[in-house]
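Make the complex out of the two chains shown on their own, each in a separate frame, by following the hints.
Chains as they are written, first to last, in the working numbering: chain S, 1026 to 1417; chain Y, 371 to 861.
Don't read these hints as lab results, they were simulated from the structure. Incorrect hints may appear among the rest.
[Said to hold, decoys possible] Negatives, chain Y to chain S, calculated, CB over 10 Å:
#, residue
1, Gly410
2, Ala523
3, Pro575
4, Gly718
5, Gly790
[Unchecked claim] Chain S regions said to be covered by chain Y (calculated; three or more residues, Cβ under 8 Å):
#, segment
6, 1040–1051
7, 1062–1075
8, 1253–1267
9, 1314–1324
10, 1328–1338
Heads up, the beta-carbon is just placed ideally off N, CA and C, and yes, glycines get one too.
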Amino acid sequence: MTSKVVVVGAGVVGAACAFHAASAGMDVTVVDRGPVGAGTTSRGEGNILLSDKEPGPELDLARLSRTLWDEAGEELGPDSFELESKGGLVVASSPEGLAALREFAARQEAAGVRTEPVDRVRDLEPHLAPGIPGGVHYPQDAQVQPVLAAAALLRAAVRRGARFRTGEVTGEVTGAVTGRDGRITGVRTASGDVLPADAVVNAAGTWGGEVGRRLGAPVEVLPRRGFVLVTEPLPPMVRHKVYSADYVANVASSDAGLETSCVVEGTRGGTILIGASRERVGFDRAMNTAVVARLAAQACALFPFLRGVHLIRAYRGFRPYCPDHLPVVGPDPRVPGVVHACGHEGAGIGLAPATGALVTAHLLGRPWRGADPAAHTALLPDRFLTLGGAPE
Amino acid sequence: MSEPADLVVVGAGPAGAAAAVTALAGGLRVALVDSGTAVGGQYWRHPPEHARAAIPTEDLHHGLREYRALCAALEEGRAAGRLDLRTAHHVWSAVREDGGFAVHAVDRREAPRETAVVLRAPGLLVATGAHDRQLPFPGWDLPGVLTVGGLQALLKGGGVAAGSRVALGGTGPFLLPVAAGLAARGVEVVAVCEAADPRAWLRHPGALLRNPGKWAEGAGYAAALVRHRVRVRPRTAIVAAEGDDRVTSVRIASLAPDGSPRPGTERRVEVDAVGVGWGFAPQLDLFLPLGCELADSADGNAVVAVDAGQRTTVPGLYAAGEACGVGGAALAAAEGRLAGESVLADSGAAPAPGRRRTARTARTAAVRAAVDRQRAFARAMGLAHPIPPAWSSWLTDDTVVCRCEEVTAGAVRAACADGGAHDHRQVKQLTRAGMGWCQGRMCGPAVHCLVARERAYVPAERLVATPVTLGALADLDEQPPEPADHSEDRQ
Chain S
1026 MTSKVVVVGA GVVGAACAFH AASAGMDVTV VDRGPVGAGT TSRGEGNILL SDKEPGPELD
1086 LARLSRTLWD EAGEELGPDS FELESKGGLV VASSPEGLAA LREFAARQEA AGVRTEPVDR
1146 VRDLEPHLAP GIPGGVHYPQ DAQVQPVLAA AALLRAAVRR GARFRTGEVT GEVTGAVTGR
1206 DGRITGVRTA SGDVLPADAV VNAAGTWGGE VGRRLGAPVE VLPRRGFVLV TEPLPPMVRH
1266 KVYSADYVAN VASSDAGLET SCVVEGTRGG TILIGASRER VGFDRAMNTA VVARLAAQAC
1326 ALFPFLRGVH LIRAYRGFRP YCPDHLPVVG PDPRVPGVVH ACGHEGAGIG LAPATGALVT
1386 AHLLGRPWRG ADPAAHTALL PDRFLTLGGA PE
Chain Y
371 MSEPADLVVV GAGPAGAAAA VTALAGGLRV ALVDSGTAVG GQYWRHPPEH ARAAIPTEDL
431 HHGLREYRAL CAALEEGRAA GRLDLRTAHH VWSAVREDGG FAVHAVDRRE APRETAVVLR
491 APGLLVATGA HDRQLPFPGW DLPGVLTVGG LQALLKGGGV AAGSRVALGG TGPFLLPVAA
551 GLAARGVEVV AVCEAADPRA WLRHPGALLR NPGKWAEGAG YAAALVRHRV RVRPRTAIVA
611 AEGDDRVTSV RIASLAPDGS PRPGTERRVE VDAVGVGWGF APQLDLFLPL GCELADSADG
671 NAVVAVDAGQ RTTVPGLYAA GEACGVGGAA LAAAEGRLAG ESVLADSGAA PAPGRRRTAR
731 TARTAAVRAA VDRQRAFARA MGLAHPIPPA WSSWLTDDTV VCRCEEVTAG AVRAACADGG
791 AHDHRQVKQL TRAGMGWCQG RMCGPAVHCL VARERAYVPA ERLVATPVTL GALADLDEQP
851 PEPADHSEDR Q
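Bound conformation, chain Y alone (with noise of 0.2 Å):
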């Protein structure tokens, strides 16, 4: 594509490829960033193109037939020469820049060679979605101990089961298809313990009569687990990981309606790998040194501020998918059309060929009914699923929270009660959690729960949002900086 693009879309699964989709069928010319190899993001991850027919997936995953379409549509995009397609490329950074924006990534195609790679265009749209979030726990730093998250990537992207005999913890319904997956390749999912009180949802009625689809696609993991013979044990936990090199067992507990231990119900289960979740962590990396605006969703975290129109408080840049709140991938693709429709309307595209204006506008309604519906369910799901919050009882002083640099439970809190921290960017200062390779994406929301967990969770700005060689950076610097402004210092 040799003209510049009226919009660049970092991230390419469902709400970054629906809002892509969209902006192409309105006439613009886009750019799609995203570090994977293929489009879809962790919700369609896929094995290699090469390896695709060699190992079957289909099973595992809903809504192939929409992202086949997206995927289709993107192709002709692509075809028609207005989608340039970024796979394999991690953005470092997105800034202003002359009233628009600059999108600086490192194409890692044929890594570990990267090249720096600048995408510039009027609008910006990010869609990076969500990772695990994690609570330490005693053992959970064995190896054979990975988040649901990492068990659904490998059995997507690889056909491959950590485990033979598999615990699974944590909340959230995202437990049920990982434990459906594992059963339907032969693995034994001995536990699901789900910590919350599944009667917490019966407080959102009306968040569940007005998503019917979400009662069928639950009721068909819970066929599937019968079908399996595994049992979801409701207000229980997976409190500990034993093991000398690597995990063998775990530790289950009932819990107390604030998640403490039940004293006298622990009981050991053998195991030979753990998937843990407590929901999802957005990634706002690349919102947060833009100077958006942020909103507390219900589940512990601060989300991008949107308007109904998927608009940041930053002009021109858009946010779609869980990055604006946890809500799953339907609620994404609906968001990434949300999305792409006021792209469109802001940009002053002209309608489509064949398409009436009064068309896009009767779309854009239904679409954002969709998303209010969707959202209020995604807000009863992260109040039916909370952290539980004595969850910090089940930590030693010596468990490890940040794992990088190996930063212990007792440090941290000796940071509070000696050092007066009292958020976990001050943690960090003192205790060095959080300053590693993951500079705190894994530990920062469990810091914050110990910290200061009546707050939503901001998680630390990250002015370089992956890490990226130096040399590469300083290949940039062919030419020198713009030229300050002389005349007067900007006060």
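Chain S with its partners taken away, still in its complex shape (with noise of 0.2 Å):
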């Protein structure tokens, strides 16, 4: 019999769990409040990054992803959703920074990551202002739109035999339904319909937290508030994903307060992103105008000619992060049938083909896609339940 999977979001992760389950024959609904990619897929800017991350298992799911992101791109059309293999070049700010973040590429190199220092910055981005003493170049480092990313993934699900259902009422999941033996045979939704399901996906990113509790399984998620900046459209000026080195250590970091170290990159309409502010705040949609001065401040410092260009657009998205900033992806030992694939705070665009694969074959039982469970032990739920019980 054909295992019935419904996927909880319809966003980025949800998409690419959905593509993979579809694609290994099973019969998949995708159920969503909104539209797909609405929530925080649409609030970044893209990003397929090795570049930031450290050896460890989010580097391990990152480079497996590298690699269905070039496969999903083959299977759908690269075009169709910007995919762009511009690399990445992370840049130091003191000979001493140049330092560690040599030591840090040597690190990442051991652990499979293409790594190519770089002494004259100015080569590969003319625009950089005078005087960083040198960087690393990660050719692998690349993009996509992320809206067109999931859309395209959904359809190619959808083709698939995949479901989507998507509406206020009809779309969102309000609890399980158990068996006698505790495992889930379905979610309810608004509507009061029940959806049968052998096994549900939480990919509600930043919500996960919440469709979590409402199916019995909580997982600590919290948002973590990030502002990007969209410049006027300009002729060609930044080539790769250019950020400073404090960028690394900004991501790991679990300050409550607000950080910011930003990344410049062109878009394919044109215009430049920078990014990204970090704020623990809750969902607090409140602009905030320091924050947008400060990122201002630091690309015109890394792109003087940023000075003389305008600014026409920003927007703000909650990152889904748990509190160790790793992503949680694998099967709830509480409420059996329940597998989480959410969390991944700043890297949900990156890590989305390789979490698809991964929650794929946790339901299949076997490695699918290069994704083996037993090679991500690290992501599981496990680790929250051990570490002083599952949080109300």
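Structure representation (structure tokens):
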């Protein structure tokens, strides 16, 4: 009998889960209150980064995901979601910073990341400020237009038989239905009907904590606010994803306060994106002009020509983060049938295909498209359950 | 002005100017900010100061007596050191701060140089008006096709007629003063195509009877148009503009009740300029990020919800003019006065010398009655001049809808059919419509009408209300941001 899978969330992670599960022959239904990619997916820059990850479980997932993005590009057409292997350039602002960056890059290289030390950064980015002592080029870093990517993956899943239920009533999951053995047998939606399911994938991103709670399998996923700036369209001026080495420290930080270390990159539309701040302020949607000013100042320090360029838009989103800054991917032992796939913080776009493959592997009980559950045990939800029990 | 303001007013058109004058009269200190180089907004737009004597525009205006009175009162406030008038200042964000508001602007008096400016006050009144609502049609992106508001701005701001043979189209009473103004400058107005059926007004007799002034104004335009042999053609529309490098002709058709062109009625008219306008879209950019509740106005737009005293649902934030519903300059000025009175009442300001509190109450009641009466008229106007339901049937798949990003009607339709998009934000994500220079200010209402016309149009939230250079923002970053609260995350 075909396994029935309900994926909660039509962001890029949910779409990737649906894509892989449907490719594996499962009977997939994706549910979401909103349309495809309308949450955090639409709020990022579309980063597919290896450069910002230190060796460990997240980098392992990112390396697999990088390969799977290329495969998705071949399958769906790279232009359909603006997949661009532009490469990343991380620059240091001081000789000490450069030494630390090079040491970090050497460890990444040992973990399988391609890195190229660069002494004359302006050979790669002619408009960078003078006086930058050097950097590291990461040729594998890439970019997609995230909403188009989520839409393309979901469309491909639908072509393979998946269904998509969207709408504030029909797409909202309110609870789980479980059998006598405690195993999940379906989910209830706000319209009152029950979708039968052998497995439910929690791919609700920043809202994954709430969805987990409704399924009886809470996980600690919290919002971390970020602002992204968008400039007027320009001729190509910035070729890579360019960021300062401070960014790596901020990504891994747990500091509650504001952190900004800008990432500057061009897009196919000609705009330049400047990201991204990190603040833990709950779901506070208020504009923070100080953050916008700080990002602008940092971007202008990297690329002085930006001083005369207009900002035409700013947007903010809420990254889903877990306390240990690792995503939670895998079956929840408390409610058999519930599989989590959330908490990717700012890396959800990059990690989506591998997450989808890993979820599918968990559902199949065997490796799928290079994703082997035995190789990614550090991402299992068990780590929260043993460290102080399930959060309320 | 050295002391901090009690109130920041954004927008110095009829609403904002009237509000500022009222607040000044009550003894408050006011900062009045406008992107234009002079007070008056779009309605009382004038040539630059140095050219006013050379370019006569008096005959194009209404209510100049009120305009001059407002200007004089503002000048008085400035002389008394209680008005901080900031012209050529473009506001890009307004945020809550310490129980009040911080209004972030860039000073462009010496453009292209721009300098970041922050104005702070316990109260904020936003009166940012509206802009022409545009609906695309084949050829609308040709040079020579303008908005009716654009034609009017050229006339009032520089005495410039955009063409010598002009066709106007769209819907709403605003077509009439523009036609009359062009005709008065010697322009041959070859057609005024009003899509609505004038009989629709008869469904709202109360609104008409209560507003005789509007009748008189309309009759004045009608007489002027007769004098210049300009005919207004009801139930017709400009359904296409044609030309190679610029517009040389338009196609005009009679409309069936649903707005679709009646077969066989189409004819071609030669022109060298075109003006179109389908009413107005309120400028809500500063309101949405502050979290104001919205209301549905009768004309297809969402507007800022206000109480009987023009208070929004955000404490300390007031709104006046077109942002609360498009209704014209007289209503806007009345709302401005009403909002100003509310600011005074809420701030506990003592009545101005020689005025008693009861006098203020009586005055407020009179202004409120005027607002109610004109609001009813505006509502009837919105209902009588809707966007034709079948407007989109004029579009071909290759008609450009978003000019900044060159997104066609076909692409928008595909995003709905294949992509499952059911609002303009989702269309933007899938097609880039609305992602360019204007950020959907032009195409937003049209995309909305293509996707979800049964709902009122709520513009996309724009955290940056006007383009601003990164350099000006970087200069704002002199001090480190306020320390975050490390004790406990606010979840």
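For each hint, the structure was consulted:
With a least CB separation of 26 Å from chain S, Gly410 of chain Y remains clear of the 10 Å interface cut-off, as annotated. Under the 10 Å C-beta cut-off, the non-interface status given to Ala523 of chain Y relative to chain S holds; the minimum distance is some 22 Å. Distance check for Pro575 of chain Y against chain S: the nearest CB is about 40 Å away, which clears 10 Å, and the non-interface claim stands. With a cut of 10 Å on Cβ distances, Gly718 of chain Y stays outside the contact zone with chain S, its closest approach being about 27 Å.
With a least CB separation of 6 Å from chain S, Gly790 of chain Y falls inside the 10 Å interface cut-off, contrary to its annotation. Here's how the segment 1040–1051 of chain S fares: 0 of its residues keep a CB closer than 8 Å to some CB of chain Y, so the rule of at least three is not met and the hint is violated. Counting residues of the segment 1062–1075 of chain S whose beta carbon lies closer than 8 Å to any beta carbon of chain Y gives 3, which reaches the threshold of three, so the coverage claim holds. Counting residues of the segment 1253–1267 of chain S whose beta carbon lies closer than 8 Å to any beta carbon of chain Y gives 4, which reaches the threshold of three, so the coverage claim holds.
Only residues whose beta carbon comes within less than 8 Å of a beta carbon in chain Y count, and the segment 1314–1324 of chain S has 9; three or more means the coverage holds. By the rule of at least three residues with a Cβ nearer than 8 Å to a Cβ of chain Y, the coverage given for the segment 1328–1338 of chain S holds, with 8 such residues.
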